[in-house]
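Under this note's numbering, the first residue of the sequence shown is numbered 1, with each subsequent residue one higher.
Hints should not be assumed to be uniformly reliable.
[What the hints assert, rightly or not] Here are the simulated BS3-like pairs of lysine-lysine, each with C-alpha atoms no more than 27 Å apart in a straight line:
(1) K161 - K284
(2) K286 - K46
(3) K46 - K160
(4) K54 - K160
(5) K286 - K230
(6) K54 - K161
(7) K230 - K284
(8) K230 - K160
(9) K53 - K230
(10) K286 - K160
(11) K160 - K53
(12) K161 - K46
(13) K161 - K230
(14) K53 - K161
(15) K286 - K161
[Stated by the list, open to error] Restraint-style ranges between C-beta atoms, simulated for each label pair:
(16) L207 - F239: 19 to 29 Å
(17) D47 - H106: 29 to 39 Å
(18) E283 - I103: 14 to 24 Å
(19) L188 - L285: 50 to 60 Å
(20) P192 - H106: 37 to 47 Å
Hints listed in this document are in silico derivations from the structure and should not be mistaken for laboratory results.
Cβ atoms here follow ideal geometry from the backbone N, Cα and C, with glycine treated the same way.
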Amino acid sequence: MIVMLIWGLNVVALKLLVEAFAPVTMQAVRIFVAGVSLFIVLYFLKDLRWLNKKEWGYTLLATVFGVVGHHSFLALGLAQTSASNAALILGMLPLTTSVLAMIFLHDRMTWLRLLGICCGFIGVAFVVLQNNGGLGTISTGDLFILLAMASQAFSFILIKKVTATLSAGEMTAVMLLAGSVMLFAFSLWVEPHGLDTFSQGSWWIWLVFFASAIIATALGHVLFNMGINKIGAGQAAVFNNLVPFFALVSAFLFLGEPLLLSQIFGFIFIATGVLLGTGYVDEKLKRANLMVHSQSKPPVSIHDQIEAQGQHKAKSDSV
1 MIVMLIWGLN VVALKLLVEA FAPVTMQAVR IFVAGVSLFI VLYFLKDLRW LNKKEWGYTL
61 LATVFGVVGH HSFLALGLAQ TSASNAALIL GMLPLTTSVL AMIFLHDRMT WLRLLGICCG
121 FIGVAFVVLQ NNGGLGTIST GDLFILLAMA SQAFSFILIK KVTATLSAGE MTAVMLLAGS
181 VMLFAFSLWV EPHGLDTFSQ GSWWIWLVFF ASAIIATALG HVLFNMGINK IGAGQAAVFN
241 NLVPFFALVS AFLFLGEPLL LSQIFGFIFI ATGVLLGTGY VDEKLKRANL MVHSQSKPPV
301 SIHDQIEAQG QHKAKSDSV
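Turn these sequences into a full structure, and let the hints guide you.
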């Protein structure tokens, strides 16, 4: 719950930061700070080792999508759309990851998951078409956020392939550091004078910057991984539905963004879509059926157990 609150607030923090600094350059420096912070944490947790050739390959490819692509599109999108819209579109991340897992990892498709996918996309439609001219139109900012979300979802598929041998914490740290270097190189091309904007930041903006980098990005990932270890990935993933909610409330309180009826409907559809589309409801129903089935079996008496053992012994003797 604490991590979800932090990540919801981080959407608002990023909205403030992209308005104060050059967006892509800011993301490159922020992610570098987060990467260094995470490496320090992992050093004290003794969770560092050298990657093998295969792990380097998957990690660098995941970095291109999950850090460079995701954070570039996220920064550009937040500069042109509201924090509320961004939070709701990013809430589609678990569902989009689930769809990609069906395509690339051959995850099982069910009617409930298909219904969830439809609900999720209806929810996004409520959000992106609310005030952009109606059906068939989408703002540039919302489109960038959609690309940011899809880029990160694809990176999760690559991460899934390599975290069987490499800890998620170390892979995240390597991705953040390598990605920040790539992102900074990209920023020099799209924002040649991006670093000059850093001299314009007030003390409170810098406070937001370091809080976003160290608390939300670095510490947030460590705490989330600890949560997965305690309650499992399935249970932890469900909590991600709270990020858009906390972000909506934070944007209303701190940025003065209005809470629109279309956004509320969008949130309901997206949250429902994630619960159905990621297989969470399927898994719960399966466990419930197994429990009912096990309880419906009549208990085996002591007499029956002794008789069954005698039959088994007789059969063994004859063999």
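Hint check:
1. K161 - K284: holds (25 Å)
2. K286 - K46: violated (38 Å)
3. K46 - K160: Holds: K46 and K160 sit about 22 Å apart, inside 27 Å.
4. K54 - K160: Answer holds: K54 to K160 is near 13 Å, not above 27 Å.
5. K286 - K230: holds (22 Å)
6. K54 - K161: holds (10 Å)
7. K230 - K284: This hinted pair holds, its Cα atoms lying about 18 Å apart.
8. K230 - K160: holds (19 Å)
9. K53 - K230: violated (31 Å)
10. K286 - K160: holds (24 Å)
11. K160 - K53: holds (17 Å)
12. K161 - K46: holds (23 Å)
13. K161 - K230: holds (22 Å)
14. K53 - K161: Cα-Cα ~14 Å, so holds.
15. K286 - K161: Holds: K286 and K161 sit about 26 Å apart, inside 27 Å.
16. L207 - F239: 19 to 29 Å: Between L207 and F239, where Cβ atoms are some 27 Å apart, the hint holds.
17. D47 - H106: 29 to 39 Å: holds (30 Å)
18. E283 - I103: 14 to 24 Å: holds (20 Å)
19. L188 - L285: 50 to 60 Å: For L188 and L285 the Cβ distance comes to about 52 Å; the hint holds.
20. P192 - H106: 37 to 47 Å: This hint holds: roughly 45 Å between Cβ atoms.
Violation of the numbered hints given earlier is confined to hints 2, 9; the remaining hints are satisfied by the structure.
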